[in-house]
Amino acid sequence: MSTKPMVIRGGRLIDPATGTDAQRDLLLRDGVVVAVEKPGQLAKVQAATVVDASGLVVAPGLVDIHVHLREPGQDYKETIATGTAAAAAGGFTSVCCMPNTVPVNDTPEITRWMLASERKAVVNVFPIGAATVGSMGEKLTNYDKLRDAGAIGVSDDGKPILGDDIMHQTLIAAAKAGLPVIQHAEDTRLTGGCSMNAGPVAFRLGLRGMTVEAEARIVERDIKLIREIVARDRHVRPHLHVAHLSTSRALEAVKQARKEGLHVTCEVAPHHFTLTDEAIGDYDTHHKMNPPLRAEIDREAMIAGLLDGSIDAIATDHAPHAAHEKQVEFERAANGITGLETALGLTLRLLHRKHGMKLDRIIHLLALGPAQVLNMHGRGALATGAAADVVLFDPGTDWVFHASESRSRSKNTPFDGWSLPGRIALTIRNGHIVYRR
Amino acid sequence: MAGKKTASRVSRRATASQPRTSVFVSPYPAGSLLSITHLSLDDISGILAAATELEAASPRERATLLEGRKVALLFYESSTRTRTSFELAAKSLGVVTTLVSDKSSSIEKGESLKDTGITLRALGAECIILRHVSSGAPWLLAQSTGLPVLNAGDGMHEHPSQALLDLRTMLARLRLAPVARSTAGISKATLRGITVLITGDILHSRVARSNALLLPRLGARVIFCGPPELLPEHAVSIGPGVTIERDFDKALAQADVVMMLRIQNERLAGLKLNLADYIDNYQLTVDRLTLYAPNAVVLHPGPINRGLEISSEAADGPQSMIAEQVRHGVAIRMALLVRALQGINIAGGTL
Numbered sequence: 001m002s003t004k005p006m007v008i009r010g011g012r013l014i015d016p017a018t019g020t021d022a023q024r025d026l027l028l029r030d031g032v033v034v035a036v037e038k039p040g041q042l043a044k045v046q047a048a049t050v051v052d053a054s055g056l057v058v059a060p061g062l063v064d065i066h067v068h069l070r071e072p073g074q075d076y077k078e079t080i081a082t083g084t085a086a087a088a089a090g091g092f093t094s095v096c097c098m099p100n101t102v103p104v105n106d107t108p109e110i111t112r113w114m115l116a117s118e119r120k121a122v123v124n125v126f127p128i129g130a131a132t133v134g135s136m137g138e139k140l141t142n143y144d145k146l147r148d149a150g151a152i153g154v155s156d157d158g159k160p161i162l163g164d165d166i167m168h169q170t171l172i173a174a175a176k177a178g179l180p181v182i183q184h185a186e187d188t189r190l191t192g193g194c195s196m197n198a199g200p201v202a203f204r205l206g207l208r209g210m211t212v213e214a215e216a217r218i219v220e221r222d223i224k225l226i227r228e229i230v231a232r233d234r235h236v237r238p239h240l241h242v243a244h245l246s247t248s249r250a251l252e253a254v255k256q257a258r259k260e261g262l263h264v265t266c267e268v269a270p271h272h273f274t275l276t277d278e279a280i281g282d283y284d285t286h287h288k289m290n291p292p293l294r295a296e297i298d299r300e301a302m303i304a305g306l307l308d309g310s311i312d313a314i315a316t317d318h319a320p321h322a323a324h325e326k327q328v329e330f331e332r333a334a335n336g337i338t339g340l341e342t343a344l345g346l347t348l349r350l351l352h353r354k355h356g357m358k359l360d361r362i363i364h365l366l367a368l369g370p371a372q373v374l375n376m377h378g379r380g381a382l383a384t385g386a387a388a389d390v391v392l393f394d395p396g397t398d399w400v401f402h403a404s405e406s407r408s409r410s411k412n413t414p415f416d417g418w419s420l421p422g423r424i425a426l427t428i429r430n431g432h433i434v435y436r437r
Numbered sequence: 001m002a003g004k005k006t007a008s009r010v011s012r013r014a015t016a017s018q019p020r021t022s023v024f025v026s027p028y029p030a031g032s033l034l035s036i037t038h039l040s041l042d043d044i045s046g047i048l049a050a051a052t053e054l055e056a057a058s059p060r061e062r063a064t065l066l067e068g069r070k071v072a073l074l075f076y077e078s079s080t081r082t083r084t085s086f087e088l089a090a091k092s093l094g095v096v097t098t099l100v101s102d103k104s105s106s107i108e109k110g111e112s113l114k115d116t117g118i119t120l121r122a123l124g125a126e127c128i129i130l131r132h133v134s135s136g137a138p139w140l141l142a143q144s145t146g147l148p149v150l151n152a153g154d155g156m157h158e159h160p161s162q163a164l165l166d167l168r169t170m171l172a173r174l175r176l177a178p179v180a181r182s183t184a185g186i187s188k189a190t191l192r193g194i195t196v197l198i199t200g201d202i203l204h205s206r207v208a209r210s211n212a213l214l215l216p217r218l219g220a221r222v223i224f225c226g227p228p229e230l231l232p233e234h235a236v237s238i239g240p241g242v243t244i245e246r247d248f249d250k251a252l253a254q255a256d257v258v259m260m261l262r263i264q265n266e267r268l269a270g271l272k273l274n275l276a277d278y279i280d281n282y283q284l285t286v287d288r289l290t291l292y293a294p295n296a297v298v299l300h301p302g303p304i305n306r307g308l309e310i311s312s313e314a315a316d317g318p319q320s321m322i323a324e325q326v327r328h329g330v331a332i333r334m335a336l337l338v339r340a341l342q343g344i345n346i347a348g349g350t351l
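Heads up: the sequence lines are chains A and B, in that order. Residues 1 to 437, numbered by our numbering, are exactly what the first sequence covers, in order. Residues 1 to 351, numbered by our numbering, are exactly what the second sequence covers, in order.
To be clear, the hints were calculated from the coordinates, so they are not data collected in a lab. Incorrect hints may appear among the rest.
Think about it this way: if two alpha-carbon atoms lie no more than 25 Å apart in a straight line, the pair counts; the simulated DSS-like pairs of lysine-lysine are [as the list claims (entries may be wrong)]: (1) K120/A - K159/A; (2) K103/B - K145/A; (3) K120/A - K176/A; (4) K326/A - K91/B; (5) K326/A - K109/B; (6) K145/A - K120/A; (7) K103/B - K114/B; (8) K103/B - K91/B; (9) K145/A - K176/A.
From the derived model, a few chain A residues whose C-beta atoms are all more than 12 Å from chain B [what the hints assert, rightly or not]: (10) D21; (11) K120; (12) G137; (13) K159; (14) G209; (15) D233; (16) R234; (17) K255; (18) G281; (19) D284; (20) D308; (21) E331; (22) N335; (23) G378; (24) P395; (25) G396.
Selected chain B positions facing chain A (Cβ under 10 Å, derived; list incomplete) [claimed, not checked]: (26) S112; (27) S134; (28) Q143; (29) S144; (30) G155; (31) H204; (32) E229; (33) P232; (34) H234; (35) A235; (36) I238; (37) P240; (38) G241.
We put the beta carbon where it would ideally sit given N, CA and C, even for glycine.
Can you make the complete structure from the sequences, with help from the hints?
So, in structure tokens, the structure goes:
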């Protein structure tokens, strides 16, 4: 069915895929970008909708490759509908949802259920399938069937794939299925009873700390496994993607692997380049997540890795939890914070304003980079033929984020009341407006 | 409620670029004692003076002071000294106390700390004394109930009333200052020249943390001593005036006060210690005292593992003030209860 075209006029188009940063008008039709033209050239097009983007940046819709939408099974925290509404409000047009639902997304049936229109997703949803049955780390799921049902990667996120043997099998099977393995890197044998980063702040607060080693060792172990697999058979080329990387040491391991030509990518969450463990203050559970907020030296390493290109993507690890799961003793509180509506603002604030990163790099890290990591063809770019997923925002005007106004069903954010740059004006998915301020 | 909580969070947030708010306004109910760091030196002077005054008062006079007031003792962890001490302190002031422990209460049925607190408040509690296995639990309880909360030990974090009674014991023994109302309060010079050695399981010790946060503010030097498994290097970052000396004998030779800590088996979480080595290197014995610290005051917050961190002879010897500590505990806790339920002015003046 053909839809009436939409024209976006007068904006500053930033599209890292084509290296564009200029005044351009866009023509969208039938869910794709039909034309990208200099101002004035689309004046005669009969459009159903004309969007005035003057003063705004026009960019490919943002892509978040790490969110928890909590459906099926935990709709008191979030639903696919509410989570994707929050995504749209944050400028995201595609989100990849982790399989730690109830039940775990370890079958094609659950994957298809997530993708069904009854879920009322307002942005594109790309499920990530469980790497092992029930994410128990014992038996592989069927990667071909998960992929055919729509899964774009496999992961046991929330838990690591711990055993060497099972991780070895996972990497080979995923490579054969053409899927990346997304690893939550945490050696849980070293983190029992831990609720924050190890170090002086944990000592002062009397809390057990997760060490840098607990993250780095798994990343190093996974890379070693890939090295062995590739050495044995050069036709098998596993792709390891390190989820929510948070330590300098793990980043060094990723860089080293890439120097060797191994296919290893990584993402960093906004809270890990914005906050340190000091922010926990008096046991504020809205600063509790896993991996935990780290020391300043690690935060700086994340900033450096984003600036020098060694980090592929920014991903939120959007992890909604109900109030009663956070209003408990710090050690008992659920891990995680929401992040979809603050990601662009925090990235602009830290990387653009503070560290001078150019806007096209910002868009790269939030759209094209993540889309490339998970092979989401046509996403994260705005050239002719790309998906008609577009975000319009105003990088110059600050706004205040209020958790109470969040579209997410949960309000567990440490950024309530923060002043952020880059208010989202409009989010368009498949040529349709899904969010308007 | 949520808004108020958020406001306090915002003001205390540490971030890369968000400026810290310079003025800390305690968001917790007046009379609470959550952390020793929440007390100014003037506050502490007032508490010490009140303790002395209350101790000197006649039992009959004391018993009318908080007559009929209601205090709940909420204990999620076993305790002899602290619980009995708070309870006796409360009863001697005429307070009606009720004890709720994690065993034999709805806590066993899964009732949350927040709901337990709200229930106690609804039953008329005006103040809650909380002992909890989780560090930081008193903050949650104070936020949830709006009642003054006295932290009677939270996980591995703090035990502020213990630090105050340790201070009172030291002051009395070292005859440095005031246990009398007429003397001036404490100052940042009160313990100048005094070295306090804290030895043992520092990592798991809330007593070590509260003392290390308190004593340097009065001019004392604090030395932590213990093996790396129980005393990580970053422990020194707890605050100024704290150093680490691994050699117990060298540390003893500098000490005016020797505070020994129990190995907390319940918090070792799989950590294996060679106890024979530990005893060789860190046990406080009469020989060690005679040789290196013949004039030092010996303290221990209890419970003692005789023959492990301290020999029986050292624990019972003339330098030991362990029983005195317990006595000072009751006086300090009376003062804290008066402060929580009635308020005390800086010069004491509770009666």
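Structure-based check of all given hints:
1. As the CA atoms of K120/A and K159/A are separated by approximately 28 Å, the hinted pair breaks the 25 Å bound.
2. Only pairs whose Cα atoms come within 25 Å are accepted, and K103/B paired with K145/A is rejected, the gap being roughly 50 Å.
3. Pair hint K120/A plus K176/A does not hold up; C-alpha atoms about 33 Å apart against a cutoff of 25 Å.
4. Proposed proximity of K326/A and K91/B is contradicted: the alpha carbons are some 36 Å apart, above 25 Å.
5. Among the hinted pairs, K326/A with K109/B is consistent with the structure: their alpha-carbon atoms are about 19 Å apart, no more than 25 Å.
6. Our distance criterion of 25 Å between C-alpha atoms is met by K145/A and K120/A, whose separation comes to about 24 Å.
7. Pair hint K103/B plus K114/B holds up; C-alpha atoms about 17 Å apart against a cutoff of 25 Å.
8. Among the hinted pairs, K103/B with K91/B is consistent with the structure: their alpha-carbon atoms are about 23 Å apart, no more than 25 Å.
9. Proposed proximity of K145/A and K176/A is supported: the alpha carbons are some 12 Å apart, at most 25 Å.
10. Listed as a non-interface residue, D21/A keeps its Cβ farther than 12 Å from every Cβ of chain B; the least gap is roughly 25 Å.
11. Non-interface call for K120/A relative to chain B: holds, since the shortest CB-CB distance, roughly 28 Å, exceeds 12 Å.
12. Separation of G137/A from chain B is adequate, the least Cβ-Cβ distance of about 21 Å exceeding the 12 Å criterion.
13. Residue-level check passed: K159/A sits 20 Å from the nearest beta carbon of chain B, beyond 12 Å.
14. For G209/A, the non-interface assignment is contradicted: its Cβ lies about 9 Å from the closest Cβ of chain B, within the 12 Å cut-off.
15. No Cβ of chain B approaches the Cβ of D233/A within 12 Å, the least distance being about 39 Å, so the stated non-interface status holds.
16. Chain B leaves R234/A outside its interface by the beta-carbon criterion, the shortest separation being 42 Å against a cut-off of 12 Å.
17. Look at K255/A: its CB is around 23 Å from the nearest CB on chain B, clear of 12 Å, so calling it non-interface holds up.
18. Once the 12 Å rule is applied to beta carbons, G281/A is inconsistent with being away from chain B; the minimum gap is 4 Å.
19. Non-interface call for D284/A relative to chain B: violated, since the shortest CB-CB distance, roughly 5 Å, does not exceed 12 Å.
20. The non-interface label for D308/A is consistent with chain B: the shortest C-beta to C-beta separation is roughly 18 Å, beyond 12 Å.
21. The Cβ of E331/A does not lie farther than 12 Å from every Cβ of chain B; its closest approach is about 5 Å, which violates its non-interface assignment.
22. Residue placement check: N335/A keeps its beta carbon more than 12 Å from all beta carbons of chain B (closest about 15 Å).
23. Annotated as non-interface, G378/A keeps its C-beta farther than 12 Å from every C-beta of chain B; the closest such distance is 35 Å.
24. Its beta-carbon lying about 17 Å from the closest one in chain B, P395/A satisfies the requirement of being farther than 12 Å from that chain.
25. Remark: the non-interface label on G396/A is consistent with the geometry, its nearest Cβ contact in chain B lying 18 Å away (cut-off 12 Å).
26. Interface restraint check for S112/B: the shortest CB-CB distance to chain A comes to about 6 Å, inside 10 Å, so the restraint holds.
27. Look at S134/B: its Cβ gets to within about 4 Å of chain A, closer than 10 Å, so that hint holds up.
28. Annotation: Q143/B was flagged as interfacial toward chain A, and the flag holds, the nearest CB pair being 8 Å apart, inside 10 Å.
29. Hint status for S144/B: holds, given a least beta-carbon distance of 7 Å to chain A, under 10 Å.
30. At about 5 Å, the closest approach between the beta carbon of G155/B and any beta carbon in chain A falls short of 10 Å, and the interface hint on this residue holds.
31. A least Cβ separation of about 8 Å between H204/B and chain A falls short of the 10 Å threshold, and the interface hint therefore holds.
32. Evaluation of the E229/B hint against chain A yields a violated restraint, the C-beta minimum of about 13 Å exceeding 10 Å.
33. A cut of 10 Å between beta carbons decides the hint on P232/B: the least distance to chain A is about 7 Å, and the hint holds.
34. At its closest, the beta carbon of H234/B sits 4 Å from a beta carbon of chain A; the interface hint therefore holds under the 10 Å criterion.
35. For A235/B, the interface hint holds, the least distance from its beta-carbon to any beta-carbon of chain A being 6 Å, beneath 10 Å.
36. Because the closest C-beta pair between I238/B and chain A is about 5 Å apart, less than 10 Å, the hint holds.
37. For P240/B, the suggested interface contact is broken, since its CB lies about 13 Å from the closest CB of chain A, more than 10 Å.
38. Nearest Cβ of chain A to the Cβ of G241/B: about 15 Å, over the 10 Å cut. The hint is violated.
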